[in-house]
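Chains A and B are the protein sequences, given in the same order.
Sequential numbering from -7 applies to the first sequence in the working numbering.
Sequential numbering from -7 applies to the second sequence in the working numbering.
Since the hints were derived computationally from the structure, they do not count as laboratory data.
Be careful, since some hints might not be right.
When chains are identical, the list treats them as one kind, so a pair holds in a single copy or across two.
No farther apart than 20 angstroms at their CA atoms in a straight line, the calculated lysine to aspartate or glutamate pairs in the DMTMM-like style are these [claimed, not checked]:
1. Lys300 / Asp360
2. Lys81 / Asp128
3. Lys81 / Glu124
4. Lys321 / Asp161
5. Lys81 / Glu59
6. Lys300 / Glu349
7. Lys157 / Asp100
8. Lys157 / Asp360
9. Lys321 / Glu346
10. Lys300 / Glu59
11. Lys81 / Glu54
12. Lys300 / Glu365
13. Lys321 / Glu278
14. Lys81 / Asp66
15. Lys339 / Glu149
16. Lys81 / Asp161
17. Lys339 / Glu306
18. Lys339 / Glu308
Number of protein chains: 2
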Amino acid sequence: MRILVAGGDGFCGWPTALYLSAQGHEVLVADDFSRRRWDAELGTESLTRISDLDARISRWRELTGREIQTAVGDLAEGRFAYEVVDGFKPEALVHFAEQRSAPYSMIDRSHAVFTQVNNVVGTLNLLFAIGEISPDCHLIKLGTMGEYGTPNIDIEEGYITIEHKGRTDTLPYPKQPGSFYHLSKVHDSHNIMFACRTWGLKATDLNQGVVYNVETTETALDPILANRYDYDGIFGTALNRFCAQAANGDAITVYGQGGQTRGFIDIRDTVRCIELAAHNPPESGEFRVFNQFTEQWSILGLARLVEKAARSLEMEPELVHLDNPRVEKETHYYNAANTRLMDLGLKPHLLDEETVERLLLTAMENRDRIHTETFLPQVNWRRPHYG
Amino acid sequence: MRILVAGGDGFCGWPTALYLSAQGHEVLVADDFSRRRWDAELGTESLTRISDLDARISRWRELTGREIQTAVGDLAEGRFAYEVVDGFKPEALVHFAEQRSAPYSMIDRSHAVFTQVNNVVGTLNLLFAIGEISPDCHLIKLGTMGEYGTPNIDIEEGYITIEHKGRTDTLPYPKQPGSFYHLSKVHDSHNIMFACRTWGLKATDLNQGVVYNVETTETALDPILANRYDYDGIFGTALNRFCAQAANGDAITVYGQGGQTRGFIDIRDTVRCIELAAHNPPESGEFRVFNQFTEQWSILGLARLVEKAARSLEMEPELVHLDNPRVEKETHYYNAANTRLMDLGLKPHLLDEETVERLLLTAMENRDRIHTETFLPQVNWRRPHYG
Chain A
-7 MRILVAGGDG FCGWPTALYL SAQGHEVLVA DDFSRRRWDA ELGTESLTRI SDLDARISRW
53 RELTGREIQT AVGDLAEGRF AYEVVDGFKP EALVHFAEQR SAPYSMIDRS HAVFTQVNNV
113 VGTLNLLFAI GEISPDCHLI KLGTMGEYGT PNIDIEEGYI TIEHKGRTDT LPYPKQPGSF
173 YHLSKVHDSH NIMFACRTWG LKATDLNQGV VYNVETTETA LDPILANRYD YDGIFGTALN
233 RFCAQAANGD AITVYGQGGQ TRGFIDIRDT VRCIELAAHN PPESGEFRVF NQFTEQWSIL
293 GLARLVEKAA RSLEMEPELV HLDNPRVEKE THYYNAANTR LMDLGLKPHL LDEETVERLL
353 LTAMENRDRI HTETFLPQVN WRRPHYG
Chain B
-7 MRILVAGGDG FCGWPTALYL SAQGHEVLVA DDFSRRRWDA ELGTESLTRI SDLDARISRW
53 RELTGREIQT AVGDLAEGRF AYEVVDGFKP EALVHFAEQR SAPYSMIDRS HAVFTQVNNV
113 VGTLNLLFAI GEISPDCHLI KLGTMGEYGT PNIDIEEGYI TIEHKGRTDT LPYPKQPGSF
173 YHLSKVHDSH NIMFACRTWG LKATDLNQGV VYNVETTETA LDPILANRYD YDGIFGTALN
233 RFCAQAANGD AITVYGQGGQ TRGFIDIRDT VRCIELAAHN PPESGEFRVF NQFTEQWSIL
293 GLARLVEKAA RSLEMEPELV HLDNPRVEKE THYYNAANTR LMDLGLKPHL LDEETVERLL
353 LTAMENRDRI HTETFLPQVN WRRPHYG
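Construct the entire structure; sequences and hints are all you get.
Have a look at this one:
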């Protein structure tokens, strides 16, 4: 299958591009390296040393004989998005090419505006390009479980059937996102749903949980293929950050009580989910939503797991609770459906001490690269900065 | 009260600014005249002759002794939005300053992107400006009934209580908007709701129905104060366009079967609703939603009403059904709540033949200004144009 991986140089995009290439698909990676620029802006970098895209792709060719094409540019620029879709004519377009950090979107007005414009316009451009050039192309869009927030009822996969005053309808599941980044994904979902209904496009919205772990079978083949490992307060998500903190002898920092419960997924399952979606496209006109996570964890539960694994490696991490920089419920009901990808054949890698130990060891090996000043939260949800 | 009217040179904004000024409020109009530019772009103009903002405001001062301040600029530009809010320190900010035409947003990619960026960024800028400078300022934001689409259950005012698998929660009402413009309003609603919850701002989202009629008590005082009368296929809404068509001896053009049912409101009620919202602000942290319409009509029902009124003025309009340029249901359930503004004291002007006759007569008087080539729909929902 001809698959365009937008954002294919990033944390999820790169292992996905390799996995799809390894499965024999014809892959084109489109990226403008903004993720690398944001590291420079924030004074941090991946804990693992990552090579530039050309080197990665050359090494992959040497090791496997497989070719990955590239297109360098910004999908939020109309002409670039059009030319990439027109030139490659993808059968599936996997769209990771968005600003994906909630704290980054909350830094100030200009970061909020950038996040929403970048994400919404990039997706609009791809919708129009697909609609005019390749209406049969299956858009596989990365959303987030954070679109739903934490309602007091079960979270379903995209839609909910509501009985109200004696009548019934199945409607888009109500969204309560918790940052300007999460909001941008809600905006995307509405825009894509409209394009499917109005133009007959086909799309799958993958509401992904928090992704943990770093390496996949393919990225582990060679150091040049290594995936990024984010641990800072802006782009590092909970489990990976906790591991870096413990490996560095720093405290594991839980925001607030830590009762915040979310869906989580191993990066090795992310890449598999993308292929499952690609192999099982929806009908034309269908906007399909899958919740892409494999298990629920509370933040405190994760912190304790890291603490335990660290002790078995003879580390002595302290576990501390910080004032929560985010505005979110710290104890709440959470029960989200995630059967549709399992029904398509996903066999989850569930989180265990072995995975955590590997993350801890990787962090230990790269200790000299840790910018410890970036561990702590630097963005406060409560105070708007015009900026 | 110190009230900032963003978009105060437009069809709803101008009569609102005058009405609030007449009630003794201190009013500042912010506008960048984009609505006038779009007329030039589309080769059309208001059926009534409208004066420029300076002339309008001078005349108002001469007639009433009341001063309306102005700030000319684009609220989607960060610095301008900040300076306007910082300079005026409004107690209420009425936000009309958005691109408000569904067909305009559907012309092509660049119009879709412009509409969403203009509307979403303008609102984000105002939220940050209020949040940093005037957190007690009440944001009164114009949404649209079109955010809801046409669900098969009753439409409530912003929220719905859902019982699901033995649990209950009150959640944002699910949205199914029907154009990139309507989508932009849904994006705004989510952004504003988040800002209220996270920063403790107070906002009222007025999901307005289709506005008809042209003059209010204040705009009718003098020809220099006249309000705009849009009748073209892009900015002219159903009733006003039908009247212009009938007055010109052209056919009244109903899209499809005409069973599309929507909420409608007289411009004289719009201005009153804004003041009711301003006088009754929500609590800090509350995102309040009112459905701002007074009655439901089907498009065919409106067309027949215009036909009848026209006959009583000795006109002989033909009523024709066009292939629907939009993608929408032409027969559907529709029952929307609208009690909250009535509870605050709104006494509706219900639609009658007298109002329609006045619109017909105004159109007759201005017949020489009609660009008949703009009556017919020029934008097709079904075909994405990259543009």
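Verification of the hints:
In this assembly of identical chains, the alpha carbons of Lys300 and Asp360 never lie at most 20 angstroms apart, being 24 angstroms within a copy and 83 angstroms across copies at closest. When the C-alpha separation of Lys81 and Asp128 is checked against a cutoff of 20 angstroms, the pair qualifies only within one copy, where the shortest distance is 10 angstroms, while the shortest distance between copies is 52 angstroms. When the C-alpha separation of Lys81 and Glu124 is checked against a cutoff of 20 angstroms, the pair qualifies only within one copy, where the shortest distance is 11 angstroms, while the shortest distance between copies is 46 angstroms. With identical chains, the CA atoms of Lys321 and Asp161 are at most 20 angstroms apart between copies only, with a shortest distance of 15 angstroms across copies and 30 angstroms within one.
Taking the shortest alpha-carbon separations for Lys81 and Glu59, only the intra-copy value of 17 angstroms comes in at or below 20 angstroms, while the best inter-copy value is 59 angstroms. In this assembly of identical chains, the alpha carbons of Lys300 and Glu349 lie at most 20 angstroms apart only when taken from the same copy (10 angstroms versus 80 angstroms across copies). Proximity of Lys157 to Asp100 under the C-alpha cut-off of 20 angstroms is found in neither arrangement, the shortest distances being 43 angstroms within a copy and 40 angstroms between copies. Taking the closest pair of Cα atoms, Lys157 and Asp360 never come within 20 angstroms of each other, the shortest separation being 63 angstroms inside a single copy and 51 angstroms across copies.
Neither within a single protomer nor between protomers do Lys321 and Glu346 lie at most 20 angstroms apart by alpha-carbon distance, with minima of 30 angstroms and 55 angstroms respectively. Taking the closest pair of Cα atoms, Lys300 and Glu59 never come within 20 angstroms of each other, the shortest separation being 42 angstroms inside a single copy and 70 angstroms across copies. Proximity of Lys81 and Glu54 under a CA criterion of 20 angstroms is satisfied in neither setting, with 26 angstroms inside one chain copy and 64 angstroms between copies. Proximity of Lys300 to Glu365 under the C-alpha cut-off of 20 angstroms is found in neither arrangement, the shortest distances being 24 angstroms within a copy and 75 angstroms between copies.
With identical chains, the CA atoms of Lys321 and Glu278 are at most 20 angstroms apart between copies only, with a shortest distance of 17 angstroms across copies and 34 angstroms within one. Taking the shortest Cα distances, Lys81 and Asp66 sit within 20 angstroms of each other inside one copy (18 angstroms), while across copies they are farther apart (38 angstroms). In this assembly of identical chains, the alpha carbons of Lys339 and Glu149 lie at most 20 angstroms apart only when taken from the same copy (19 angstroms versus 43 angstroms across copies). For the identical chains of this complex, Lys81 and Asp161 are neighbours neither inside a copy (37 angstroms) nor across copies (44 angstroms), given an alpha-carbon limit of 20 angstroms.
Within a single copy, Lys339 and Glu306 get their C-alpha atoms no closer than 32 angstroms, and across copies no closer than 75 angstroms, so neither meets the 20 angstroms cut-off. When the C-alpha separation of Lys339 and Glu308 is checked against a cutoff of 20 angstroms, the pair qualifies neither within a copy, at 34 angstroms, nor between copies, at 70 angstroms.
This entry does not satisfy hints 1, 7, 8, 9, 10, 11, 12, 16, 17 and 18, going by the numbered hints stated previously.
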